[in-house]
Structure formats: structure tokens, C-alpha cells
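**Student:** Can you build the whole structure from these sequences, using the hints too?
Going down the list, the sequences are from chains A and B.
Numbering that gives the first Met the number 0 applies: residue 0 is where the first sequence begins, and numbers increase by one.
Numbering that gives the first Met the number 0 applies: residue 0 is where the second sequence begins, and numbers increase by one.
Treat the hints with caution; some may be incorrect.
[Claimed, not checked] With a straight-line Cα cutoff of 35 Å, these simulated DSBU-like cross-link-like pairs (lysine-lysine) come out: (1) A/LYS124 <-> A/LYS314; (2) B/LYS195 <-> A/LYS314; (3) B/LYS416 <-> A/LYS314; (4) B/LYS416 <-> B/LYS38; (5) A/LYS124 <-> A/LYS242; (6) B/LYS195 <-> B/LYS306; (7) B/LYS195 <-> B/LYS416; (8) A/LYS97 <-> A/LYS380; (9) A/LYS124 <-> B/LYS195; (10) B/LYS416 <-> A/LYS124; (11) B/LYS306 <-> B/LYS38; (12) A/LYS314 <-> A/LYS97.
These are calculated hints, taken from the structure and not from any lab test.
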Amino acid sequence: MSLLSTLQQCRAANTQYAQPLSRLRYLHIADQPLLVLPLNRPGETARPLAVMAGSDPDHPQLFLAPPGDDDRFLAALAEHLHTYIHSFQQATRIRPAKGEHPERREYLDAPQIAVTGTASVYYLKMLGRALRYRPVPEDTDPATSAAHLGRWLTFFAERAEYDSSSLLLNLTSLLSTHWATGQSALEDAHLAPLMAWVFPPHGRTGHQAALAVENPLLHPPDGPTIDPSFEAAQLTSLFADLKSARGSRRQHHVTHLREAVEGYLTPTWTLAWEALSILRGMPPIPSTAARWDTDIRQFTTHSDRLDAGGPPQPKQDDVVTAAVRLAELEHAAASLEAARALEDPFVMAERRTTGAAFSGTVTHTDPDHVLKPQNPGERAKRRPRFTVRTTDPVRLEPDRLLAGPHDPAVHMAVCDITYTTDATEIVLEVRTRVSRPSSVPAIGTTLLLTTAPDYFPRPQFPSRDQIPWTHTGPVPATPEETPA
Amino acid sequence: MNEPSAAELSCRAVDHILTTLTTTPHRGVVVDSPPGAGKTTLVQEAAQTLISPQHPCMIVAQTNAQVDDLVTRLAQQAPQLTVARLTGQSYTVPTRLRGRRNLLLTTDADRASHADVTVATASKWANVQGWHREWAIVDEAYQMRSDALLKIAHLSDQTLFVGDPGQLDPFSNVPTERWRGLAHDPMASAVSVLLKMNPNLPVLSLPVSWRLPASAAHLVSAAFYVTPFRAGTTETDRRLTFATTGMRSALDQTVDLAARTGWALYELPARTTGRIDPEAAHAAIDIAHHLLTRDATAHCEIHRTGKHLEPTDIAIGTTHRDQAGYLQNLLRSHPRLTGIDVDTANRLQGREYAVTIVLHPLSGRRDTSNFHLEAGRLCVLTSRHRHACIVIARAGIDRLLNEHPTHEPVHLGVDAKFPDGWEANQHILDHLTGHRIRA
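**Tutor:** Structure (C-alpha cells):
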């Protein structure tokens, strides 16, 4: 956490109103996301009691799993998710071949699931893991099976590990990147108190509004864990009634349970759509579209794999998958961070306070600077240089590549840093777009510079059948025999 | 029978390692090396042993600075060998490496194919194609992530892994829980994955630290290492003397105590501070100032008549980069102190100084965290010195430790970490308490 966000939290606590951290969003918000509010059965792991879902704020659908009815619940939920996803599997476009990538077909848009918080993301992941290995019953459409539901949930939950992915939106975490409140991170992880802080009703401060939603019976907290007071007040007796009831009496109790759960989830449902429309109303930074394109590509790939009858996602990553995924996760996080710094003035301001970015004036330019060849046989290279003077506290090392919002494609390397008593002078060497005259700014220009996005060559890992001895262990002398 | 001398012990260990290299049927050998145990010398000797004209070998280091140091030493100490240093396209090789007859600097692996030893960083090796050697030597293997090893392990038949198990583990800024407990966790160090997959590999160790003085070797060994080691020098070999006697200030007492015993804890009054504690930072600067203005001379087995203590012989170690940045800014207004290194534990790994001044990772904190308790961090900070280590801390770390025992969950398949950071912190603090000067 940076000094600036701490300061904003102190301000929020002091003024009792949430303070902005950033007014630009970096994730795509679909026009019709599928909001999913899961509730888990108390005392069990990944065993839903109910899921409220839908992409129309006015028509939530409640899927209920009263004791003994799990299969019907899963079938209905799978059908619903399939219908939603299938609506994105109609229109396609052709991406022309580019570089190493051959021409490929892609869907025009991708589905988007929204949940209230990190606990729900984790819950979908666990539910996905519990379901994806189930056998697909014969004579049924595999697309609407619980197994495919599990594989889709796994897909969304795994993509959610990438900071740059918008396929599974985590509403509280997104709101927290835009506003600082005066409450703890634990309280910020719940939608009701967070929304109360950020958008208090008229005549109340954020702090007062958050206090008012503390009663769990009046303002049920979002799932997937059911609040114990609701459990004690209603669920326990409803479950006891259901246990012995048969026929129409059971139906009667199920209706009661449905009403109770509906009443529990509806306030969160309304709040979540409010949060979504507020987030959608924020202007996105330009690179958001490119990141959503990556999501669409991932969605296409996963759809193709399912259509081709591929196996479910493995329980654990193998050696190569794990290494590739780690490299991709790190790249996604780093490039998102760099893109946000270059495209969002709030993030840039935060970086200036930590010395990772600075603002300075161009004091000297040398547009025709030439590098002498280092080795025989090399030619001399033209590398324009210029000097920037800044009074910001900078923390840079030589060779670090910088870029600025004025032209993010121009990357400059730090060649030399001179500290004077009241300022710092930094000599920069243009490394990309070298031949364009505009890459060298005029003397007197004020520049805002920070670390440039890393170049990311696709990591070269061995193929799965060529994993070296260091990661497989010695090859056994006799091939292992499969037990008969 | 007399106990063997440190030199003998060390010689025997190196001989044993070199014999193992030439005779082992295993594809890998791991050598654990405590701080300053002659790791670089071992790498160099191993390279020379493995090379006969037909058997050139490759060396993998982790950072460009490490590669530069290694090739300089190899080219200097083994003039009969041709050494190649592969670099990335954008890296500018320091001028001190240029113009050596037996050192080839190139970005192209093909041009290095005739060299006896070829040295590059792990990330450079990962881009080299069509290369094969019988032996590879991986330096600082405990700082290498296992996914980096995965990219380069196929380049050689057999590999020698050398590293310091007590230093900081590799880290990442992204969540890595999904691989926790897997034998092939890509975040784990290269050695830990290697040994989990190949439990029968020979693991040898170097028994003598030539860097740490007698006052520190035993403590560091007991607090941070499974395989014990001893100091290569005796207490009489290493002395720190001052030309002028100081005033009786707390700062003077601190440097005097450090010169006499090898350790000092300069304790500031208890206070919860932010990451940047200006008082502690100024204390670090003042202590460095005292060491230099009192004309300290360091006597050791190399400089028997003594060597005048220069700013470049001193380092200030911090936990966070912004603390280092703050101190670097302060240093700029003290021309006398120009040349003192200020860096975080991560970047001080593998470096050596006469005297180190350390800001205690837990100083001024309200709670402990796994990051601040990490044994490797404290180990790096307290094992960089040849003569003395001066720790600066706010009072109350003992209370802080007692109030915040480790409470991390235990994960299936993850080996218990030794040493435990909390216990190592207690161990070092217990020792430092006997060397305390209150500000």
C-alpha cells in the first residue's frame, strides 16, 4: 500500500466520506454481465444452498437446492449458464495472420460473470473443482451437464487469477481500487458496508451509512457464507421442517425456504447491480479494449476445447504448465501496472510519491548522438539523447527503460543520473522509434516519465515430453508397469 | 590428535568436491556454501578441473553483476583459459572487462563456441539454442527460481549447483498459492525442486567461512544453517583500531564496542515509526561518519599491517527499497561518505564489506510479518561483514517478537522451513542484547 492510498484512507476516516483513488477503470464491464450470488450450505464445502443469477437486474433467477434436490439444482444452473454462454458463441470474426500467429476465428464478444467479492471467486473455483470431473450422463447434451458447468466455472475462476482479465469481475475489489474508505480491508470486502461508504444515502456520511448496515438481519452480508444470525433465526427451523416432510407438505416448506433465501439475497442483488452500473459509468483507460480482446481469445480457445471433447482441466498444473502460467501471471500483472501508470493520472501521481515516476523539464537535447560499435563488425547506431531535470525524489538505476504518457511507444533508457543540491539531472537515450524526430522532445518540454512496460517474449519452456531430469527425477531403470 | 586447521578443513572439502565431480555417476552435485566460504573460488576451481581441452564447460549466474565478477576473476586467475561472456542485446558491459586477451565479450553464442568457459545469466542461457556441454556450473543456485532452471537444464549432461542456502528465497509479486506443496513449484528455488525430484543427489558443503570473523561465524552458523561452519580466521587475525579516541558519546561507544567485539546494537528509544524512520537513518549516517572520522584501520590476514577504512568498505543494509532510497539521498549531502553502499538485503546478497551498518527489519514496527521475519533477510544483513556489524533498532523488538509468534498455516507437501524466521530473530536478538548501547 502506498503512502498516497494510506493518506486517502486517513482522509476518509477523518471526513467520514470515501476518497477517490482513481477515476478511470481498467477492466471491461459488459452490457449484460451475468451476476452470480452463491450461498453455501452451512458447515459443508462447495455445496450450494442457492444461487441467485441472471443478466437482467429486474429478473433475478433463484436456483435453490433444498436437501435432497442437489442434482435438479445443478442441472437447472448448468442450463442457465449454458444459455448465457451460448449466446456469445454465435457471431465470429476472422483474425488475419500476424507474426507467428496463423489466421484464426474468434468470437465477437465473451461472457462476463460478476460476483461480489474474493470469497465468491474462491467459491466458484471450489465448486468448479467439485463438479468438473463428474461423468456426463449418457443420452444428454454434455453442454448442459454439471461437468461442463464445473469446467466453465473453473475457466472463469482461473482467468480471475490474472489481474488483467475481466471475465470474472470481483465487485468489492474493483470498487476498492477506485475509492478509499475509513474502514478496514475486512469490512471493505463486503459489498453492503463498502457501498454504504462510497455512496451513502442523502443526509448521511459514509461512516454513518456503514454503521446503519451493520445489522445482518436487516442488511444480510453477501455470500457465499450464510450469516449465522440468519441461520439461527430461519434456516435451522426450515431445514428441520423439510427433513421429515413429503409430498405437498415438503413443497410448502420448500416455498418457505425459497422466500427466505430470496429475501436474504435480494438486497445484495440490488446493490451489486448498482455497483456494476457505477463502474460501467467510469471511463475506461485506452488499453482496456486490448485486454478484453485477450479475454475473448481465451474464451474462444476454451469453447473450442470443450467442443472438441477435450479433458477437464487437471487438478494440478504439470511442470511446464505451472512455469508458463507463472510467467504469464507475472507478465499480465506487470503490463497492467505499466499501462495503468501511463494511462491513468491517479496511478501516475501515486508513482511520483514513491519515486517510481517523476516529472521534469527537458534541458538539453542531442538528437544526433551516435553509439560507437562495441565489437568489430558492428555498425555505429544513432541513439538520440536528452537531459531531463527534476525536483521529484527519483529512485532509478541506469539502463532502466522509461516511457511517458505523451507517447507510450517511445522507450528511453536511463544513461546517467547526476544529483545536484536541489534537483536531479537524468540523461536519457531513446531506444525505440529512434528515427522519428518527435521522439526527442524540444528543450523546455515538461515530461512525465515512469517505467516502461516490459518486453515479453513468449517464454521458451521445453515441451511436456522433454522435461529435463532436474524436474522429473531420474528415469527409472525398468518402465513402470500399469497394474492389471 | 590436533584439530585440523581451518585451511586444512577447507582444502579437504574442496578436494572432496572436485573428486566427486569427476567420479560421480549422478547427473548433479549440490554444494551448500555458507557466507564467504569461497564459493567463487570453488566455481573457478571446479571450472578448471572440469575443463580439459576437449571438455569446455558453461557457467550460469543469476545477475549481470555476478557474471561480470565471475569472468573478471576467471580471466585473471586462469590466464591459460579462454573465457567468453555472453550478454543480452541491451546490456552494456563495464569498461573494466574490455581489452583482456583471454576474455571474449559477445551477444552471439556461436562466437563463443570455442571458449573453454562460457559464462552468462540464466535468462541469457534460456535464449541460447543448439548448445550443449558436458558440464554446467550453476552459481547462486538457491536464488534461482525453479522455472528458470527448467529452461536451461537441457543444455548440459551434468550440473554442479553451488549456492548459499541461508539467503533469501526467490519471490514473485503475483499470488503463487496454487502451486504450494507441488514438488515442482515454479516459485521454489532451483535446488529445492531438484532435490525433491532427485533425493539421491550428493549434497556437499564448504565448512569454513573466510569472510565472517570468529565473532560472527558461530552465531550465524547456529542461527541460520543446518550444516555448521566455522570461521577461517581467529580473533587475533581481525582487528579494527582507531587512530583517535572518541568522545564518550553513545555513538563512539557503539563503534568502540563493535571494533572490540564484532557486534553492536545501537538502540533508539521505543517508538512505532513508518517504514522510513528519519532518526534511525540519521543514526546510520552518524555511525558511518564516526567510523571514518576516527580513522579506522582494519587488520586482517590479507592486510596484516592494516588497511585504512574507506567509505567503499562500509555498507548500510535496509529492508525496503524506499528506506535505501531515503538513505542514499541523505548520503548525497555528506561528501565525506561518498562510496558507501546502501542497499536492501536482496541486493546485498553475495557482497562483502569490512563493516556493515544494518537497520533492523523489525525496528519501529507495530507487528511482525512473514516478510519482516524472514530468516534469509536477517541472515544476509548480518553476514556481509569481515570485521563488525552494527545494528540499529528501536527498543522493544524483544517484546514485539514475544507478542507475535509465527502463526502461519502449515501446508501439505511443503517442507518445514529451517531456520524458522521467528526463532532465528530471537537467536540474533539474544546475542545483540549483550552488545547494546542505548542512544
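**Student:** If a hint holds in the structure, say so; if it doesn't, say that too.
**Tutor:** Hints, verified against the model:
1. A/LYS124 <-> A/LYS314: holds, 12 Å
2. B/LYS195 <-> A/LYS314: The given pair, whose Cα atoms are some 20 Å apart, holds under the 35 Å limit.
3. B/LYS416 <-> A/LYS314: holds, 26 Å
4. B/LYS416 <-> B/LYS38: Within the cut-off at roughly 23 Å; holds.
5. A/LYS124 <-> A/LYS242: holds, 30 Å
6. B/LYS195 <-> B/LYS306: Violated: B/LYS195 and B/LYS306 sit about 46 Å apart, past 35 Å.
7. B/LYS195 <-> B/LYS416: Roughly 14 Å between the alpha carbons, so the hint for B/LYS195 and B/LYS416 holds.
8. A/LYS97 <-> A/LYS380: Roughly 29 Å between the alpha carbons, so the hint for A/LYS97 and A/LYS380 holds.
9. A/LYS124 <-> B/LYS195: Judged against 35 Å, a Cα distance of about 29 Å means the pair holds.
10. B/LYS416 <-> A/LYS124: holds, 29 Å
11. B/LYS306 <-> B/LYS38: Given that 35 Å is the threshold and the Cα spacing comes to 24 Å, the pair holds.
12. A/LYS314 <-> A/LYS97: holds, 34 Å
Taken one by one, the earlier hints fail for this structure only at number 6.
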